Amino acid sequence: MSTPYAKLPAWADYGLIPLINLSVAFIVAGFVVLLVGENPFRAAVILVEGAFGKGTGIAFTLFYATTFIFTGLSVAVAAHCGLFNIGTEGQAYIAGLGIAIVCLSFDSTLPWWLTFPLAIVASALVGALWALIPAYLQAKRGSHIVITTIMFNFIAASIMVYLLVGPLKPAGSQAPQTRNFLAGAELPKLNWIIELFGAKIRSAPLNICFLLALAMAFLVWLLIWRTRLGYEMRTYGHSPKAARYAGISETRIIITAMMISGALAGMMALNPVMGDQHNVAIDFVSGAGFVGIAVALMGRLHPVGIVLAAILFGMLYQGGAELAFEMPAISRDMIVIIQGLVILFAGALEHMFRPYIQALFASFSPRSVGMEAVKGKGA
Amino acid sequence: MAQATIEPAAIELIGINKSFGAVRANRDINLEIARGTIHGIVGENGAGKSTLMSILYGFYQADSGEIRVGGKPASIKTPNDAIALGIGMVHQHFMLVDNFTVLENIILGAESDALLKRSIAKARSELDRLEREYGLEVEPDAIIEELPVGLQQRVEILKALYRGAEILILDEPTGVLTPAEADHLFRILRQLKDQGKTVVLITHKLREIMAITDTVSVMRQGTMVATRETAKTTVEELAELMVGRRVLLRVEKGEAEAGGVKLAVKNLTVRDSRGVTMVDDISFDIRAGEIVGIAGVAGNGQSELLEAISGIRHAVSGSVMLDGKPIDLTGKADPGELRDRGLAHVPEDRHHVGLVLAFEENENSILGYHDDPRYLKGPFLNVDAIMADARDKIEKYDIRPGNPRLKTANFSGGNQQKIVLAREIEQDPGVLIVGQPTRGVDVGAIEFIHKRLIAMRDQGKAVLVVSVELDEIRSLSDRILVMFAGRIVGERGPEATEGELGLLMAGVEQEAAA
Numbered sequence: 001m002s003t004p005y006a007k008l009p010a011w012a013d014y015g016l017i018p019l020i021n022l023s024v025a026f027i028v029a030g031f032v033v034l035l036v037g038e039n040p041f042r043a044a045v046i047l048v049e050g051a052f053g054k055g056t057g058i059a060f061t062l063f064y065a066t067t068f069i070f071t072g073l074s075v076a077v078a079a080h081c082g083l084f085n086i087g088t089e090g091q092a093y094i095a096g097l098g099i100a101i102v103c104l105s106f107d108s109t110l111p112w113w114l115t116f117p118l119a120i121v122a123s124a125l126v127g128a129l130w131a132l133i134p135a136y137l138q139a140k141r142g143s144h145i146v147i148t149t150i151m152f153n154f155i156a157a158s159i160m161v162y163l164l165v166g167p168l169k170p171a172g173s174q175a176p177q178t179r180n181f182l183a184g185a186e187l188p189k190l191n192w193i194i195e196l197f198g199a200k201i202r203s204a205p206l207n208i209c210f211l212l213a214l215a216m217a218f219l220v221w222l223l224i225w226r227t228r229l230g231y232e233m234r235t236y237g238h239s240p241k242a243a244r245y246a247g248i249s250e251t252r253i254i255i256t257a258m259m260i261s262g263a264l265a266g267m268m269a270l271n272p273v274m275g276d277q278h279n280v281a282i283d284f285v286s287g288a289g290f291v292g293i294a295v296a297l298m299g300r301l302h303p304v305g306i307v308l309a310a311i312l313f314g315m316l317y318q319g320g321a322e323l324a325f326e327m328p329a330i331s332r333d334m335i336v337i338i339q340g341l342v343i344l345f346a347g348a349l350e351h352m353f354r355p356y357i358q359a360l361f362a363s364f365s366p367r368s369v370g371m372e373a374v375k376g377k378g379a
Numbered sequence: 001m002a003q004a005t006i007e008p009a010a011i012e013l014i015g016i017n018k019s020f021g022a023v024r025a026n027r028d029i030n031l032e033i034a035r036g037t038i039h040g041i042v043g044e045n046g047a048g049k050s051t052l053m054s055i056l057y058g059f060y061q062a063d064s065g066e067i068r069v070g071g072k073p074a075s076i077k078t079p080n081d082a083i084a085l086g087i088g089m090v091h092q093h094f095m096l097v098d099n100f101t102v103l104e105n106i107i108l109g110a111e112s113d114a115l116l117k118r119s120i121a122k123a124r125s126e127l128d129r130l131e132r133e134y135g136l137e138v139e140p141d142a143i144i145e146e147l148p149v150g151l152q153q154r155v156e157i158l159k160a161l162y163r164g165a166e167i168l169i170l171d172e173p174t175g176v177l178t179p180a181e182a183d184h185l186f187r188i189l190r191q192l193k194d195q196g197k198t199v200v201l202i203t204h205k206l207r208e209i210m211a212i213t214d215t216v217s218v219m220r221q222g223t224m225v226a227t228r229e230t231a232k233t234t235v236e237e238l239a240e241l242m243v244g245r246r247v248l249l250r251v252e253k254g255e256a257e258a259g260g261v262k263l264a265v266k267n268l269t270v271r272d273s274r275g276v277t278m279v280d281d282i283s284f285d286i287r288a289g290e291i292v293g294i295a296g297v298a299g300n301g302q303s304e305l306l307e308a309i310s311g312i313r314h315a316v317s318g319s320v321m322l323d324g325k326p327i328d329l330t331g332k333a334d335p336g337e338l339r340d341r342g343l344a345h346v347p348e349d350r351h352h353v354g355l356v357l358a359f360e361e362n363e364n365s366i367l368g369y370h371d372d373p374r375y376l377k378g379p380f381l382n383v384d385a386i387m388a389d390a391r392d393k394i395e396k397y398d399i400r401p402g403n404p405r406l407k408t409a410n411f412s413g414g415n416q417q418k419i420v421l422a423r424e425i426e427q428d429p430g431v432l433i434v435g436q437p438t439r440g441v442d443v444g445a446i447e448f449i450h451k452r453l454i455a456m457r458d459q460g461k462a463v464l465v466v467s468v469e470l471d472e473i474r475s476l477s478d479r480i481l482v483m484f485a486g487r488i489v490g491e492r493g494p495e496a497t498e499g500e501l502g503l504l505m506a507g508v509e510q511e512a513a514a
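Chains A and B supply the protein sequences, listed in that same order.
For the record, in the first sequence the residue sitting at position 250 is 250 according to my numbering, with numbers rising by one throughout.
For the record, in the second sequence the residue sitting at position 355 is 355 according to my numbering, with numbers rising by one throughout.
This is chain A alone, in the form it adopts within the complex:
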């Protein structure tokens, strides 16, 4: 039977509605700022200027965005296969182990451009293997992947704490982290690109991983919409019964999708570890895996949307840090509230305004809300 909710043109679906959701999130956040006694307009200016005003700010925003692109892509790949990978956090964290092994072994002998490919492989492999176990349990035993991946986050965290306060910690050090990498495991910065446009950068961690993230976004698009594997993943994601009918092996597709998802999550670790801190420290992922869920949802599981959403969240991270610095009444927790509101309106309440927008469109131009279902009846 006909549904009252007609389709919207693509630009409204992918542009207007996210914009409205975002605006509402910021308006509500503005009220929160007002409540703590600060001027919301000044706060907004500081936030945006902090993120995009100066070259350094832009570089930091893109650095954070790099991390979120990886985790967002990771969540999206699993979601296209109908799997909710909540374990991105743990997969990225444990992938730090793979990077540590590569970097600590080769940083004194190899140049960065040889260490880097090795580290990419190691991080992807470890991330994928960490996702393999929950995937296997889901495919063969029916253990729900949300539960198992959450548990694997905790297991990853425990293993990493053990390793970083024990075997991986240099003797005599008090800090729970590996020794600092040598030049052979330091990735080149990309700050010069921003400087090309005339901006000045003091010091910012934006590095070559940003380009890797963009490349991965393209590869994920290719995988999902242009390969046989992606076709099978989407079939299973939309309808496991249709996949069974089409002769697609459930076990194989779940395991493959989760391992790709885990590999992307693992690569996220390259950015902070090799691009910024030059060591593997406790809790270096710091929630980026969970932000990836919001990024993937807000980006409508499409790589282009994910890159844009990742930049938005990078802006919130970077601008938020500036805001906490400039306005003492606004603490770091306030920034988390703002981020939470963005997730709430853009993710969870994504469809709240849709019916009204659709009604509006229908009243303006009925033709734009094309519903061809009832036209063109059978022969």
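Keep in mind that the hints were calculated from the coordinates and are not lab data.
None of these values were measured; they are calculated from a predicted model.
We put the CB at the ideal spot given by N, CA and C, even for glycine.
Be aware that a few hints might be false.
[Unchecked claim] Label pairs and their in silico Cβ distance ranges:
hint, chain 1, residue 1, chain 2, residue 2, range
1, A, I337, B, P79, 35 to 43 Å
2, B, A84, A, F41, 48 to 56 Å
3, B, K451, A, E250, 34 to 42 Å
4, A, F41, B, S112, 56 to 64 Å
[As the list claims (entries may be wrong)] Below, a list of computed lysine-lysine pairs in the DSSO-like style, where the Cα atoms sit at most 30 Å apart:
hint, chain 1, residue 1, chain 2, residue 2
5, B, K77, B, K193
6, A, K241, B, K377
7, A, K241, B, K396
8, B, K407, B, K377
9, A, K54, A, K189
10, B, K451, B, K407
11, A, K140, A, K241
12, B, K193, B, K122
13, A, K200, A, K54
14, B, K407, A, K241
15, B, K396, B, K253
16, B, K193, B, K232
17, A, K241, B, K451
18, B, K266, A, K241
19, B, K325, A, K241
Assemble chain B onto chain A, guided by the hints.
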């Protein structure tokens, strides 16, 4: 026009309009239904019948127009308004809580007291009265899921009557019933009519309209094209009004020229996911160049049989030979392998199994054949080849709208089914198994689909058709097998009467023999 002496109509719809976006689901609908009559509404899928009834029952509101109930203008904004006006509805898919008793379901939403016990006590006596008055016997303390569908439907009717319905709307009520159960339903409806109730029957089965209604209205593409007195019209006229052109209700076909056995099923036993035996030791053959129809009331193992033969569900025991070579159905047979061996399957449930509704049409036109090198370039999909192939099928099967980039969910039921059929038939399989070929498909497309299946047969393919529509089975099949409780209880030729098949479907002979 109405004179004071004439009793006002039970329902009067005047100039009802309803649009969803650009689609005008109902245009200037005028309808008058006299009190104490059975009024049929027929039309193809998407003609606007359900929308109209949903407006009457308060699920939607009309954009413009007036509803009068019993001669008085009525404002129906929610189903509760409709119920208060004495309008009751029996939905196609029952709205019952499966693990509640009959009584609990009947009072659901109409509890008269904060304490359930008192509500139930009150309901029990009222229900007793209703059951006696209308001859609708149902055990009040039976659990719904333990009742056969015919009785579940009776509970739905009782539910409406309990809420004081004077006007009863039934949406496709016989879809799930055996012929005998349908007859019983019609007796109940006549009795309701005799008691002065008004019945509105929505259906696409023209024979039912002829059998039971007093007047009938035909809808097409959102408009009310005609209202007739049933006694003064014919099935042919109604079909023509529905489709807008003449239709063949019974496909013409020549004698079957059956060849060698293509598919041999021996002692097949299949259990469902709960471990209940659904297919019990079944054996049959299908030969090249014949259509074998499996008749039966839904839920007697036909679905499981189809799933097992097509490799979707594993069988417990038994053997199946395809072209003389065995298929391992109990082990690791998978649908992909069977497809490679020339067995194509049009599943019963095209929405969840045969198609991915969220996909573009062209993506669905390769589902199951996506491993075929024709559609691939290495690991990549060969988008150009897939699109060309989809366009080709759209043309051959007259799939509308003819846009391979359109989301499959936006096609009508008939066109969706054509997408599936085109995909499976164009692979030129030796054996085609089809579940419910025309469920939810409009009359025009039914004719097309039937012709295609007969063309397959005439090309020397083996075709197995499973359908709950007896008419369809009788007009398509060269041999008819009847399934009841997981067994084949009889084999008949296409000349078998409906009554004969109906008895078999109800398991009557089975019991007599036991």
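inquiry  = Check the hint pairing K396 (chain B) with K253 (chain B) against an upper bound of 30 Å on the C-alpha distance.
reply    = Satisfied, since the Cα-Cα distance of roughly 21 Å is no more than 30 Å.
ask   = Is the hinted pair K193 (chain B) and K232 (chain B) satisfied, with a Cα-Cα distance of at most 30 Å?
value = Holds, at about 20 Å.
inquiry  = Range first: 35 to 43 Å. Now tell me if the beta carbons of I337 (chain A) and P79 (chain B) are that far apart.
reply    = 41 Å, holds
task = Could you check the hint for me, namely that F41 (chain A) and S112 (chain B) are 56 to 64 Å apart, CB to CB?
result = Holds, at about 57 Å.
task = Would you mind confirming whether the straight-line C-alpha gap from K241 (chain A) to K396 (chain B) stays at or under 30 Å?
result = 28 Å, holds
Pair hint K451 (chain B) and K407 (chain B), alpha-carbon separation not exceeding 30 Å = 27 Å, holds
key: Pair hint outcome, K193 (chain B) versus K122 (chain B) [Cα-Cα no greater than 30 Å]   = At roughly 26 Å apart (the allowed maximum being 30 Å), K122 (chain B) and K193 (chain B) satisfy the hint.
message = K241 (chain A) and K377 (chain B) were given as a pair; does the straight-line alpha-carbon distance stay at or below 30 Å?
response = 26 Å, holds
query = Does the Cβ distance between K451 (chain B) and E250 (chain A) fall inside 34 to 42 Å?
reply = At 37 Å between Cβs, range holds.
query = CA of K407 (chain B) to CA of K377 (chain B), is that 30 Å or under?
reply = Cα-Cα ~24 Å, so holds.
ask   = Within 30 Å, alpha carbon to alpha carbon, are K77 (chain B) and K193 (chain B)?
value = 27 Å, holds
inquiry  = Need the status of pair K241 (chain A), K451 (chain B): alpha-carbon distance at most 30 Å?
reply    = 29 Å, holds
Checked against the numbered hints given earlier, the structure satisfies every one of them.
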